[in-house]
Amino acid sequence: MDYYAGIDVGSLTADAVLIDKKGKILGYAILPTGNNSQKAATEAFETALFRAGLSKGDVNRVVSTGYSRARVQEAQGSKTEIACHARGAVCLVPDAGTIIDIGGQDSKAILVGEDGRVINFAMNDKCAAGTGRFLEVMAGALDVPLGKMGDLAFESQEELTISSICTVFAESEVVSLISQGKGPADISMAVSRAIARRTAGLATRVGVTDTVVMTGGVAKNKAVVRLLSEDIGHPIRVPDEPQIVGALGAAIIAKEGNGD
Amino acid sequence: MTEFKAFSKMKELMTNYYIEAKTTKEKPIAWITSGAPVEFLFAMDIIPIYPENYAAMCAANHQSVELMEAAEEAGFSQDICAYARTDFGADLTQGGPAGGLPPPHFLVCSTNICKTVIKWYEVVARKYNVPLFIVDTPFLHEGLNKDLIDYTVRQLKDLENFLSEFMGRPFDRERFYKVLALSQEAAEQWKKMLYLGKTMPSPFNSLDSFIHLGPIVTLRGTKECVDYYKLLYKEVAERAEKKIGSIPEEKYRVLWDNLPVWFKMRRLERFFEEKKCTLVVTTYANSWGGLGNHQTEAENDPYELLAASYLNVYINWGFEERIKYLAQLIEEFSLTGFIMHSNRSCKPYSVGMYRLQEELSRLTGRPGVVIEADQNDPRVYSDAQVETRLEAFIESMGSN
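From first to last, the protein sequence lines stand for chains A and L.
Heads up: the first sequence at position 212 corresponds to 212 in our numbering, and the numbers run straight through without jumps.
Heads up: the second sequence at position 364 corresponds to 1364 in our numbering, and the numbers run straight through without jumps.
Among the hints, erroneous ones may be present.
Stated by the list, open to error - Simulated restraints on C-beta separations:
1. Cys166(A) with Lys1127(L): 28 to 38 Å
2. Gly181(A) with Gly1352(L): 54 to 64 Å
3. Glu1165(L) with Gly207(A): 54 to 64 Å
Read the hints as simulated data drawn from the structure, not as lab findings.
We put the beta carbon where it would ideally sit given N, CA and C, even for glycine.
Chain A extracted, bound-state conformation:
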């Protein structure tokens, strides 16, 4: 059998996916990137191999993606996360047209053609507002585990607004809301709304199609997904494991023998 791997090393997590020649996922791993992206990439790759019951020698080709894509020793090629998220999303949802990815330090909207080809894309500017890091900082300020932010938001009773578009200033807004006695559920909802609004702008810029897919860690936050869906006026499909879509796309590109 032939096996292929994709490794996506982003600012927050390093993800690896192993597939066979039919594109079936055999194993994957999501690990924190930490302060050594090369080491994180190797560990994610080895963990995914272990889970798939494979060894390095079984893998024909590895393609890397994400911000540290050029520094992944195991990879024979690399591709940008824009191309990889597009390929991965289309693999999971074949009629995907608009793909919204919110990662650790980037949020992006990608418009793809029928064959998974990137037609257009838009990314956040240099500011971290509306990214995974934004959500993480706000979870820290609220002292709520990141994974609980979405569920908590649904308990919101009062509509609050986070007006600032800057992560640092928005954090101080959250702190002042806390000191005004506002509840964490209402604040969490306001944070989700801020992210959804910014991301909706990106999606509208590239064009919203019938089938919208959301990938990246923030897609695990159900409140953000629901608000974003309302903002763009379209249902959003979220894959079972949205965080590995970039790595999956890289693995598919490896299978095709591509990636420079």
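Given the structure of chain A, go ahead and fit chain L onto it with the hints provided.
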């Protein structure tokens, strides 16, 4: 950069220009904006000094940050154009590659490049207590018209009177006509060279044209400038003839809109070469080819010609004109895509860029990308973010 023998000649020209300006005892010095009618100054033996050119030199030499910090410490906001901040800092500390600029005897600025120059030059005028002449060139929302030309011509006549009064002698009109002819000839040579980029592979890239801009900005109106661009043209034409490209393999040909990122020239050059992508043409370098576009027949009024030329520059155009021109360049130069530098420093160049990108892609069917950067301030630039966007853009050209 592509190796041109002419490069050493340019270095010599630019060095001599700055040495003369720094040491002259006889000739007055005028600070002037890049898009102002400098021909009037040469006609009266005044040395024009371009703070914009100096700011770019500081950034290319990786000295802009310390100078901008000096300006910011003196109270200038980080939101002001980075050229202005670099020059304020260079003036305060006498820093940068030439150890500051020679003090001005008067100032000339033209609003065709932006409105910041008014406040910028007012600051300089106050500091040195010297007169400031502003040539107001209104924005061309719907193209050029007679009223706009007349309005600008009247100001050019005022400029003559101002110079005559300042120098205490009549304005030298005969000399002015000669200068104007030289200026036109230099612009023609420059444009002719830039249009050799139509050759595939392109014999030079836009990073080269940014470097070789020096003389057309600072010395247009002199014979040295004309001679220099004749020399450069000959060399580039030879390469075009022999089909020698600026990079080993040219797979993609793209347009660059807006100013260069002066502090990233080398890195971007390596990046594009690795990606087999040539920056073929830029709206920025093309801006100094405008004077060559107009008729030179004797019956044409030279004042109207100058007024029209200085009004009719890309950055002073409305949206529709910009789109038409960009689309035309993309076709004429057989380009595969376009890069728009959303330049934090230069608002009039960057405004409406996302809309421009969308419309231009629709019109031409070619992909484009907007990158967020700055002409002179490395503190607002991120290699990883810019390069990821550029790489994804190049990938999208590859799949088409």
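Evaluated hints:
1. Taking 28 to 38 Å as the suggested C-beta distance range, the pair Cys166(A) and Lys1127(L) conforms, at roughly 34 Å.
2. For the pair Gly181(A) and Gly1352(L), the beta carbons lie near 44 Å from each other, so the given range of 54 to 64 Å is not met.
3. For the pair Glu1165(L) and Gly207(A), the beta carbons lie near 60 Å from each other, so the given range of 54 to 64 Å is met.
Hint 2 from the list above is the single one not met by this structure.
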